[in-house]
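There are 4 protein chains.
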Amino acid sequence: MFNNLSCDKLKEECGVMGVYRNTMDDVAQMVYYGLFALQHRGQESAGIATNDGNMPYFHKGMGLVNEVFNDEIFRSLKGNIGIGHVRYSTTGESYINNAQPLVVKYRRGSIGLAHNGNLVNAPLIRSGLEDDGVVFQTTIDSEVIVNLIARYSSDGIPTAIERTMDLIKGAYSLVIMTEGELIGVRDPHGLRPLCIGKLEDGYVIASESCGLDSVGAELIRDVEPGEIVIINQEGIRSIKLNKEYKKASCIFEYIYFARPDSVIDGVGVYQARKNAGEILAKEHPVEVDMVIAVPDTSIPAAIGYSEALGIPFSEGFIKNRYIGRTFIQPDQSMRELAVRLKLNPLRSNIIGKRVVMIDDSIVRGTTSKQIVNTLKRAGAKEVHVRISSPPVAYSCYYGIDTPDNKQLIGAVKTIEEIRQAIGADSLGYISPEGLKRSVGIANDPYCTACFCGDYPLEIPLR
Amino acid sequence: MFNNLSCDKLKEECGVMGVYRNTMDDVAQMVYYGLFALQHRGQESAGIATNDGNMPYFHKGMGLVNEVFNDEIFRSLKGNIGIGHVRYSTTGESYINNAQPLVVKYRRGSIGLAHNGNLVNAPLIRSGLEDDGVVFQTTIDSEVIVNLIARYSSDGIPTAIERTMDLIKGAYSLVIMTEGELIGVRDPHGLRPLCIGKLEDGYVIASESCGLDSVGAELIRDVEPGEIVIINQEGIRSIKLNKEYKKASCIFEYIYFARPDSVIDGVGVYQARKNAGEILAKEHPVEVDMVIAVPDTSIPAAIGYSEALGIPFSEGFIKNRYIGRTFIQPDQSMRELAVRLKLNPLRSNIIGKRVVMIDDSIVRGTTSKQIVNTLKRAGAKEVHVRISSPPVAYSCYYGIDTPDNKQLIGAVKTIEEIRQAIGADSLGYISPEGLKRSVGIANDPYCTACFCGDYPLEIPLR
Amino acid sequence: MFNNLSCDKLKEECGVMGVYRNTMDDVAQMVYYGLFALQHRGQESAGIATNDGNMPYFHKGMGLVNEVFNDEIFRSLKGNIGIGHVRYSTTGESYINNAQPLVVKYRRGSIGLAHNGNLVNAPLIRSGLEDDGVVFQTTIDSEVIVNLIARYSSDGIPTAIERTMDLIKGAYSLVIMTEGELIGVRDPHGLRPLCIGKLEDGYVIASESCGLDSVGAELIRDVEPGEIVIINQEGIRSIKLNKEYKKASCIFEYIYFARPDSVIDGVGVYQARKNAGEILAKEHPVEVDMVIAVPDTSIPAAIGYSEALGIPFSEGFIKNRYIGRTFIQPDQSMRELAVRLKLNPLRSNIIGKRVVMIDDSIVRGTTSKQIVNTLKRAGAKEVHVRISSPPVAYSCYYGIDTPDNKQLIGAVKTIEEIRQAIGADSLGYISPEGLKRSVGIANDPYCTACFCGDYPLEIPLR
Amino acid sequence: MFNNLSCDKLKEECGVMGVYRNTMDDVAQMVYYGLFALQHRGQESAGIATNDGNMPYFHKGMGLVNEVFNDEIFRSLKGNIGIGHVRYSTTGESYINNAQPLVVKYRRGSIGLAHNGNLVNAPLIRSGLEDDGVVFQTTIDSEVIVNLIARYSSDGIPTAIERTMDLIKGAYSLVIMTEGELIGVRDPHGLRPLCIGKLEDGYVIASESCGLDSVGAELIRDVEPGEIVIINQEGIRSIKLNKEYKKASCIFEYIYFARPDSVIDGVGVYQARKNAGEILAKEHPVEVDMVIAVPDTSIPAAIGYSEALGIPFSEGFIKNRYIGRTFIQPDQSMRELAVRLKLNPLRSNIIGKRVVMIDDSIVRGTTSKQIVNTLKRAGAKEVHVRISSPPVAYSCYYGIDTPDNKQLIGAVKTIEEIRQAIGADSLGYISPEGLKRSVGIANDPYCTACFCGDYPLEIPLR
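Residue numbers (the UniProt record's numbering), protein chains in the order written: chain A, 1 to 462; chain B, 1 to 462; chain C, 1 to 462; chain D, 1 to 462.
These are calculated hints, taken from the structure and not from any lab test.
There could be a bad hint or two in this list.
Which copy? The list can't say, so a pair holds if one copy fits it or any two copies do.
As the list claims (entries may be wrong) - Straight-line C-alpha distance at most 20 angstroms; calculated EDC-like pairs for lysine to aspartate or glutamate: (1) Lys-246 <-> Glu-72; (2) Lys-353 <-> Glu-307; (3) Lys-198 <-> Asp-222; (4) Lys-353 <-> Asp-222; (5) Lys-319 <-> Glu-67; (6) Lys-11 <-> Asp-404; (7) Lys-342 <-> Asp-296; (8) Lys-376 <-> Glu-218; (9) Lys-246 <-> Glu-416; (10) Lys-105 <-> Asp-132; (11) Lys-319 <-> Glu-244; (12) Lys-246 <-> Glu-200; (13) Lys-198 <-> Glu-336.
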């Protein structure tokens with residue numbers, strides 16, 4: 001129950017970072033700061049691999065970036081090319097063996113690879129490779145991809161990547177490192193984000209632009225769907241797949257996953273969230289005394305909602321940020337304190353007030369119920385809930401950890417039923433159209449499958 | 001430089017917590033959650049001591065509450081009375097030997113004691129005790145206090161505490177534990193906060209009311225200046241010193257130290273901060289596009305400022321919360337990224353805008369300069385700075401870690417010089433009177449010595 | 001210099017252990033005790049893999065067996081089949097990625113494999129596999145072997161192992177685990193030891209018989225050179241290669257590597273060492289007051305030497321066994337104490353005496369010099385040195401970490417020069433024939449390449 | 001049961017070390033090596049305190065010396081005077097708070113103190129001090145002693161120590177450090193050992209001479225019973241108490257506690273043990289094929305026994321030295337393997353043989369039974385047991401951890417009953433007179449209270 005507080009959210013599975021410096025200066029520290037800025041995308045394991053032109057070096061470990069690395073490890077990570085990875089994962093696969101980047105030796109040298117996303121046909125390809133004698137040491141897609149690249153490497157790695165992309169289906173943003181190149185790859189639908197930054201002496205590729213900021217790189221542009229970006233001593237060049245695919249970037253990046261200071265595919269995440277709040281206000285206005293947010297993600301939407309209706313925005317909760325992995329869970333007798341340990345309501349602010357609480361999403365609904373209850377016990381006269389995304393009703397197969405459909409409250413209950421379940425005085429979700437408008441685009445280049453079930457590419461057979 | 005980000009603040013030195021349950025149930029877990037809620041008052045060491053009526057148990061360690069304790073330790077901390085302590089400290093004394101609570105055996109049993117504050121005459125008393133043959137194993141004031149209490153214990157601990165209070169001068173909020181009692185003590189000026197909460201089966205004493213919330217206790221009232229509160233099987237009783245002292249609670253608790261969801265001496269911290277923002281707006285209005293806060297403390301003041309002038313409030317920075325103790329500091333070549341690693345400006349929000357940035361205080365001014373510079377590099381057209389406290393110009397001797405007077409920019413520079421030093425387009429501090437009004441009191445029961453030099457009791461000789 | 005004390009020895013690179021229980025009871029604890037008994041064969045990393053008939057489980061870590069595993073890990077290692085590995089390694093490859101067992105998924109299920117030895121043609125096969133598209137994630141031979149087995153697996157694993165053995169050359173004792181079988185393999189020359197034990201409810205395969213003792217298994221016999229032993233629900237069966245190879249077991253197992261309570265290929269290690277001492281006494285008698293040993297390996301030889309000449313055996317040194325991995329090395333000013341910290345001479349025993357010191361081998365000679373010097377400074381009148389192996393003059397390519405030929409004092413100096421170098425009053429090595437007699441065999445089934453250069457199979461090209 | 005293997009021994013409670021260098025060079029590393037050599041005297045906690053003439057520095061921790069200290073800690077331990085302590089302790093007091101040395105500030109400066117032994121009147125003095133207002137933070141005698149010294153310090157520390165020695169009764173060997181002096185103190189009966197060594201640039205005081213060897217110091221002499229040795233810039237001087245006491249050094253140091261390379265009160269430990277073996281052979285000869293020892297302590301006695309009767313000495317067990325604190329204990333089904341995991345019999349050596357096994361002592365008898373049983377299962381035809389100390393029948397109150405009288409098999413059973421209990425074919429203990437002769441002294445300057453009950457000074461009231 002206590003864990004739900006953080007668990008009752010969709011979870012991004014990874015963040016990737018790559019740095020190339022043509023001055024031959026070491027890059028490990030830059031990769032580290034990049035991963036640190038991308039830490040919100042995965043807190044389970046972290047890894048950095050570098051290459052000094054002769055051989056690869058790497059270190060991976062369980063935990064946060066600042067727990068996995070130290071000065072001594074840094075000194076061992078030599079080289080002007082580096083890639084890094086932070087990972088969140090479902091429990092079953094939560095061990096060091098599956099940490100990334102994956103570094104392998106193949107016939108022409110070494111490849112390092114870090115992957116954000118999820119292939120939908122990995123089992124099929126895996127099985128085909130196994131039939132051909134390949135053995136697998138991990139359960140991660142990166143091992144499938146790197147095997148394909150190695151097999152197709154006779155005409156060089158870029159060509160090998162092209163041929164690999166013909167085979168693999170699903171969501172993938174990759175950073176790849178060889179002895180002399182840093183390569184960024186984004187799947188043809190552009191499901192997961194990936195962007196390019198310029199350093200004085202090189203380039204950076206990162207899942208989000210906040211990773212570029214962390215090393216002082218300037219955002220040039222996003223890697224385009226289906227694009228392979230190759231960076232080496234001669235500069236930067238690009239290969240685009242021939243076939244055209246419909247772009248379908250994950251819209252949830254704007255709602256919850258990405259850091260608000262990131263800009264993805266030209267759209268600022270903060271602004272998109274604030275827009276969503278404004279649209280939500282128009283779609284589901286309410287007469288209350290105060291607008292509050294469930295911190296931290298929902299603050300921009302709450303500000304937007306507040307401004308649109310001219311109702312004051314206020315902080316409603318204080319979030320305790322010191323809960324670590326070893327936090328001792330409350331025993332039975334103290335269970336109902338659980339939410340308040342992490343999210344204490346600002347009682348004096350709330351007492352006697354009618355409040356509207358903005359949240360980014362409802363997944364199972366368990367936490368929402370606790371939070372609404374907490375507000376009521378703190379004296380709120382009315383608690384209205386507004387959600388800056390439509391009901392999540394379909395599982396994601398493209399790199400996001402979603403519970404089974406049956407556990408998605410949006411899949412099994414009507415909105416009125418959800419309202420009752422969470423104990424809110426009223427409940428309103430932004431409409432799918434409203435959400436799309438919040439990211440500023442009339443047409444449809446975003447993946448909204450988790451709301452609408454309109455999967456942009458096939459989903460895995462069960 | 002990087003460290004300045006967190007160091008360039010005044011620092012509370014401690015938080016204390018005590019729990020008494022007359023059902024004889026164990027209290028260690030409650031003390032733990034209390035300390036967890038008070039973690040912002042000290043992150044260097046943590047300790048819990050309990051007593052089961054026969055003997056004391058304790059455990060102390062360096063680090064955060066969640067790092068110091070585990071289930072096995074909990075099982076060893078038996079008893080229905082418990083006290084706890086979190087500590088921040090200057091480097092020189094930063095070792096486990098000085099962690100609290102201090103637990104001693106004296107002629108009539110055992111005493112556990114945890115102290116928040118600073119005695120101004122500790123060296124003198126220490127020296128007197130040494131002349132009488134006492135040896136000291138630590139450099140903390142608690143050891144002085146506990147020695148006095150033991151010496152005066154012939155007529156019982158409460159009387160011993162009274163006699164001790166006749167001798168010691170300075171700031172002290174104490175929680176004390178014997179075989180059968182939990183005792184709370186607040187110095188005659190009430191310099192540091194201390195409040196009392198009611199459990200179904202007992203009482204809680206804590207530095208701030210957020211500590212009560214964390215265990216489901218209801219705030220009854222604050223311990224009064226010069227009051228000794230004794231809790232045991234028979235209930236709660238109180239001893240008040242005969243002599244009258246002028247109340248002088250630390251006003252900086254409202255400005256920066258306390259958690260916004262706490263209520264101190266009847267005044268809600270969040271509301272006080274928001275009030276300060278409104279008053280600041282009246283004292284130093286400015287025509288800009290946007291009000292932003294330096295997160296997290298200044299957000300309520302920024303909201304108050306925004307509402308008073310009708311200028312939109314917006315988030316201006318994203319704070320990276322994953323920096324741990326082992327974070328690898330940027331080397332020389334990356335120094336100017338230092339601020340941005342922790343506090344990245346929301347560029348898209350700021351670019352081309354005139355902003356007013358609300359901060360709670362300026363100590364040395366180094367961080368303020370970096371932050372203003374960061375905003376300008378992010379494209380802000382104008383950066384105005386408003387501070388919700390008056391210039392800090394005098395060192396504190398009552399439990400707050402302040403730099404030397406010479407390092408206090410408010411002591412050595414005029415406001416115009418400070419403005420130039422930090423590169424702001426304009427700078428305004430709230431007035432001392434405005435600040436007092438923000439906590440809702442016309443007269444003067446607060447210590448404002450750090451602004452005005454009007455020390456409520458003598459300061460130590462040098 | 002200090003490190004030489006332990007480094008100036010030839011080092012076994014690994015120990016392996018496998019357990020099969022037909023009662024389906026868990027085996028992880030048995031593998032653990034086996035590895036614990038084999039710990040002397042490798043202290044750098046340890047790993048255990050198990051299989052419960054459906055899927056493999058594994059855990060590996062750096063350090064001693066008792067440091068790598070705990071109860072929680074044990075609970076996760078389910079299954080009635082298990083293999084384990086302890087590893088010593090040269091620095092270059094000393095990281096977790098190369099720890100064993102290696103566990104892979106291949107087309108028909110999973111394979112776990114642990115390897116003791118060294119292939120001489122691994123680079124060649126590796127290169128061939130790479131040409132065929134295989135990627136390698138480690139630098140260990142196990143990965144080469146497991147790839148071959150997976151490729152040849154169409155007719156079952158035993159046949160695949162046979163075909164693999166046709167290709168690989170060098171020293172290898174393997175324990176292999178599938179969903180339903182435990183398999184032991186010893187290379188055609190039998191270079192590294194491997195033996196079979198019987199449990200009440202299953203079988204054990206281990207590098208040395210002391211591993212069997214540790215789980216209460218009874219030694220049945222050694223795995224024969226070129227034999228594949230397959231253990232499953234139906235019992236134990238054996239496949240022998242058609243081709244005949246000359247047996248060439250490593251004779252150094254008897255001299256130094258193996259535990260004295262082990263029996264290898266029918267010969268007790270303790271007895272062999274004692275025999276060597278007796279033969280050494282006949283070949284190089286000396287008139288002294290006392291026989292001492294360099295502890296611990298040389299004690300049986302010293303007892304044998306003592307009995308053969310009727311000269312009293314005495315302890316000559318006290319070995320400090322508390323030196324751990326974090327031991328702080330003496331600085332320059334205390335360097336000459338280095339030996340004595342680990343090996344303090346029993347001065348009162350030695351002073352004024354003529355002693356003969358028995359050691360098992362001299363590799364670089366640096367430690368021998370220090371030890372002789374230490375004895376002289378402790379007052380020994382004469383120090384004679386007798387070595388229970390011939391001069392080590394050739395590098396080993398079959399799984400033993402030997403320095404470059406140039407660093408082998410036996411390769412570059414005459415015996416008289418060595419005597420002078422180490423400062424002994426006389427020096428005698430056992431003859432190769434004497435050594436062979438000590439293990440009780442007239443003919444020549446042992447590998448003595450490190451003494452004589454008669455490599456039983458080709459050595460790698462440089 | 002498994003733990004008994006190491007627990008069924010009397011346990012020394014501490015070792016102490018002190019170093020003074022008049023060159024003002026740092027001593028911390030020397031104290032470290034001394035403690036490392038004394039590690040057998042206590043493995044639970046370790047601590048070092050130094051003084052640079054101005055102030056003390058110290059660090060203490062749980063675990064072995066090499067686990068507690070690292071380079072960074074060393075750099076913080078400045079000064080030319082240092083003391084150290086290793087501690088073994090009964091569980092109840094096993095925590096960091098009781099680790100030594102104890103460092104206190106008193107009216108004239110600082111005192112560091114490390115204590116080996118046990119005061120019999122500590123509770124009485126503690127109570128008197130408490131009546132006088134003293135509070136105690138630990139349960140160790142050192143805190144009592146240091147309080148007395150501080151109280152009596154008006155005429156200087158040496159005089160204070162004299163006056164303290166008038167009060168305290170029991171066993172104590174102390175090393176004491178002030179701003180300018182290193183002081184060694186041995187109780188009037190000389191119950192625990194303490195010796196003095198000479199460095200080129202200073203002096204060393206240590207529990208055993210092996211501590212001197214470890215830093216290259218030359219043994220000058222033992223601190224005499226009732227002597228205070230003061231070392232400072234002017235050299236070394238001595239104060240002797242006026243009163244004469246009967247010397248009563250602990251004879252168990254020779255039997256079991258001390259390292260065999262130490263010389264205590266002029267008697268080499270190794271030689272004493274060997275003598276005991278010879279005397280035991282005369283008192284309890286036996287006709288067998290082989291003499292074996294329970295490693296490691298009993299080896300010298302076994303060699304003496306072997307030589308006296310002309311029966312060959314042989315190793316009988318291989319001791320596994322890799323058992324660490326985290327070793328996973330065998331579960332019920334594997335219990336009977338427990339002994340063999342630590343002490344595996346050399347079966348090939350033993351099978352069909354009549355052996356006599358020499359051990360240093362029998363405390364509870366549980367381990368002896370297991371070991372005899374192990375030998376029989378390994379095929380020994382007869383197992384005779386000879387013990388190089390008389391039956392332990394009385395608890396020690398002078399610093400040795402002894403079980404309750406009722407658990408001492410020598411207190412509750414006849415020798416024939418013990419023989420039956422442990423399953424030996426015959427059993428013989430050395431006589432008290434024989435033991436005394438083994439340390440070479442006709443008269444009676446040794447404490448043999450644990451055998452004879454003749455306590456040299458009063459024992460504590462219960």
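Hint numbers not upheld by this structure, sorted from lowest to highest: Of the numbered hints, 1, 4, 9, 11 and 12 do not hold.
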